[in-house]
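Protein sequences appear in the order of chains W and U.
Under the numbering used here, residues 3 to 378 are what the first sequence spells out, in order.
Under the numbering used here, residues 3 to 378 are what the second sequence spells out, in order.
Mixed in with the good hints, there may be bad ones.
Note that identical chains are pooled: a pair holds if it fits in a single copy or bridges any two copies.
Restricting the straight-line Cα-Cα distance to at most 35 Å, the calculated cross-link-like pairs of lysine-lysine (DSBU-like) are [what the hints assert, rightly or not]:
1) Lys315 to Lys371
2) Lys67 to Lys371
3) Lys67 to Lys204
4) Lys67 to Lys315
5) Lys293 to Lys315
FYI, nobody ran anything at the bench for these hints, they're computed from the structure.
2 protein chains.
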Amino acid sequence: MTLDDLPTPALVLDRGKLQRNARRLSERIPRGVRLRPHFKTAKSIEVARIASHGRPMAATVSTLKEAEHLHSHGVTDITYAVGVAPQKLPRAADLVRAGCDLKLIADDAEVAATISSTAASLGVAFGVYAEVDVDRHRAGVTPLCETLPRIAEALADRPGSRFMGVLTHAGESYGCTDEESLRAAAEEERAGAVAAAERLGKAGFTCPEVSVGSSPTALHAESFNGVTEVRAGVYLMWDLVQSNLGLCPLEDIAVSVLGTVIGQQRDRGWLILDAGGHALSKDRGTAAQAKDYLFGQVTSLSGEPIPGWLVSKANQEHGIVESFGATPIDFNRYPIGSRLRILPNHACATSACHDRYAVVDGDQQVLAKWPRINGW
Amino acid sequence: MTLDDLPTPALVLDRGKLQRNARRLSERIPRGVRLRPHFKTAKSIEVARIASHGRPMAATVSTLKEAEHLHSHGVTDITYAVGVAPQKLPRAADLVRAGCDLKLIADDAEVAATISSTAASLGVAFGVYAEVDVDRHRAGVTPLCETLPRIAEALADRPGSRFMGVLTHAGESYGCTDEESLRAAAEEERAGAVAAAERLGKAGFTCPEVSVGSSPTALHAESFNGVTEVRAGVYLMWDLVQSNLGLCPLEDIAVSVLGTVIGQQRDRGWLILDAGGHALSKDRGTAAQAKDYLFGQVTSLSGEPIPGWLVSKANQEHGIVESFGATPIDFNRYPIGSRLRILPNHACATSACHDRYAVVDGDQQVLAKWPRINGW
Chain W
3 MTLDDLPTPA LVLDRGKLQR NARRLSERIP RGVRLRPHFK TAKSIEVARI
53 ASHGRPMAAT VSTLKEAEHL HSHGVTDITY AVGVAPQKLP RAADLVRAGC
103 DLKLIADDAE VAATISSTAA SLGVAFGVYA EVDVDRHRAG VTPLCETLPR
153 IAEALADRPG SRFMGVLTHA GESYGCTDEE SLRAAAEEER AGAVAAAERL
203 GKAGFTCPEV SVGSSPTALH AESFNGVTEV RAGVYLMWDL VQSNLGLCPL
253 EDIAVSVLGT VIGQQRDRGW LILDAGGHAL SKDRGTAAQA KDYLFGQVTS
303 LSGEPIPGWL VSKANQEHGI VESFGATPID FNRYPIGSRL RILPNHACAT
353 SACHDRYAVV DGDQQVLAKW PRINGW
Chain U
3 MTLDDLPTPA LVLDRGKLQR NARRLSERIP RGVRLRPHFK TAKSIEVARI
53 ASHGRPMAAT VSTLKEAEHL HSHGVTDITY AVGVAPQKLP RAADLVRAGC
103 DLKLIADDAE VAATISSTAA SLGVAFGVYA EVDVDRHRAG VTPLCETLPR
153 IAEALADRPG SRFMGVLTHA GESYGCTDEE SLRAAAEEER AGAVAAAERL
203 GKAGFTCPEV SVGSSPTALH AESFNGVTEV RAGVYLMWDL VQSNLGLCPL
253 EDIAVSVLGT VIGQQRDRGW LILDAGGHAL SKDRGTAAQA KDYLFGQVTS
303 LSGEPIPGWL VSKANQEHGI VESFGATPID FNRYPIGSRL RILPNHACAT
353 SACHDRYAVV DGDQQVLAKW PRINGW
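With the hints as extra help, turn the sequences into a complete structure.
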């Protein structure tokens, strides 16, 4: 089977690119620092195996469903890096009971106490990190906040919890515009996490782990001093947002959406694909970046970006391709029934529209289909 | 089970609102004009049964998967209202062979001929409409275009096709800002479709069907003269985009996303929900409208909109709730573990993030779970 035989729209994953992307980050992480890839983008055991290079795997997940998927395939060392709703604790406890070393995070002392007491009453124990906020991005407590030692206190040496240390995510790094600010974001992340750990240490709490992570900072950190593990996810796939950050050339983007031409509007210069908003997502992550790719960059069937060809509109099942560059739309070359591929603004959002990958490796041969574990 | 027992995030559908929305449009369509609801939003046989009020059903779909789902539940009269990729014809033919009266659309004479000849070679026949463009929205040929009679010619009286007539969709009506322009869009849609049919009639092609449709125009048309059927879909659910168009009050929106508070950032006035971009979609359909709801309007667990409370940021698994109105975020009333609901910008996009509905009827009792048929 080749890309020409696949039903469209379809999500295509280039295994060779994935392998190179995985290696590039792995090789950057110093010995003694653990890489704990985040599977929120990939949601696939097959991708996880490549990301861990066949070695025992430390994984990060964004849903309990991802954790259950990885655990059902033998992964036991998993961090669920989204604040847990207390109602999810029984389900998380089931994983621990089944042999998974599942770690949670907390940025609230009461919630930390609830995790610990609920786990104890369920007869399990969770490792729990204090979630630290280094850049006012989203969740977490600041390194100097009064709540931080109270979280450690609620977790340390309890029957239902082990205090793991601190965990942070420099989410604001996605908004950086140059290498210097990326390096600064990485150092801010490292220094903030280490400061939080040192503060807890002085307050008498052993802090075995200092976990940092985002793909931009992992690739730009000049020091990992004091850091015990790095989490990152989108580096496995890359996308147009990350390319705009200078993290990868378009050629490294490992996922794309395959679409078939279902219409031509020649007077308007439009090709219409059967890959619309439901296949691409409506994520407009590049809208405020240096280069706005609208709803995605068009490539040929073999994967070469066609300069200036973008998906300009995305209705539910219609994606409209227009040329904004020097190469006009070639209607004779792309008749109805012909195929193109689309590089995504945001790999996580676009991939989530699909329940499997069609796997290729450099050419158009489809080597495998790998399921994706969407939802919750 | 109540909404408090559901795992979150979850898609909630209020059956009473759905029933009232269905009735409102049905009652507006004159006798003798067929309503052919579009199931691209609902993707559910249960919703289809409500939309057809228990009577024999004429359905519109946006994917063959929706068609297969409806047909497996006994629906036989189905129009696939997206230009068909020629590669999908064998799968479409399987439906016909299984007893489904599946109708296709074409806006290109060569494609029309391909449909007809492929169907004949597969031993089936499709009904096929010529897709007409009345407002330069997307696909279709203009009523006076030379291609229109050539499409009819390629389809009429062939072993593989029956020429059904014309079909159009006034997609630009979604951009209207007042009732007058909505009425004008409806009349433009009707008049364009009727003109196309009359032109074909004069050229000697019998045009049994004149199919128009969009929820805004269906609710604003002052005349259905010459129209044989109306297609509409989002009217079953409504959403914030449609509310901004004046088509429904917020109280009529039948779908919402249930989320659990997983964090509080009190100094910034943020609640953090476990319903982020993957549960809400990144559709920003209200961005350019009179009222921008950001990533969605927050309601209480019982469904009452809380004025000014919006989802201001949507990361993958984090939705940030902020107050932009007179009622500040009440952190004591909404501790971690408490729940809120979110009305969607765009019901189609948000619903597509979920593989089932949790069905309620006015209160918080969960009466049923209805599967949704996402994907292709």
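Here is how each hint holds up against the structure:
no. : hint             : in the structure
1   : Lys315 to Lys371 : both (29 Å within a copy, 33 Å between copies)
2   : Lys67 to Lys371  : both (20 Å within a copy, 19 Å between copies)
3   : Lys67 to Lys204  : neither (37 Å within a copy, 60 Å between copies)
4   : Lys67 to Lys315  : both (32 Å within a copy, 23 Å between copies)
5   : Lys293 to Lys315 : both (17 Å within a copy, 22 Å between copies)
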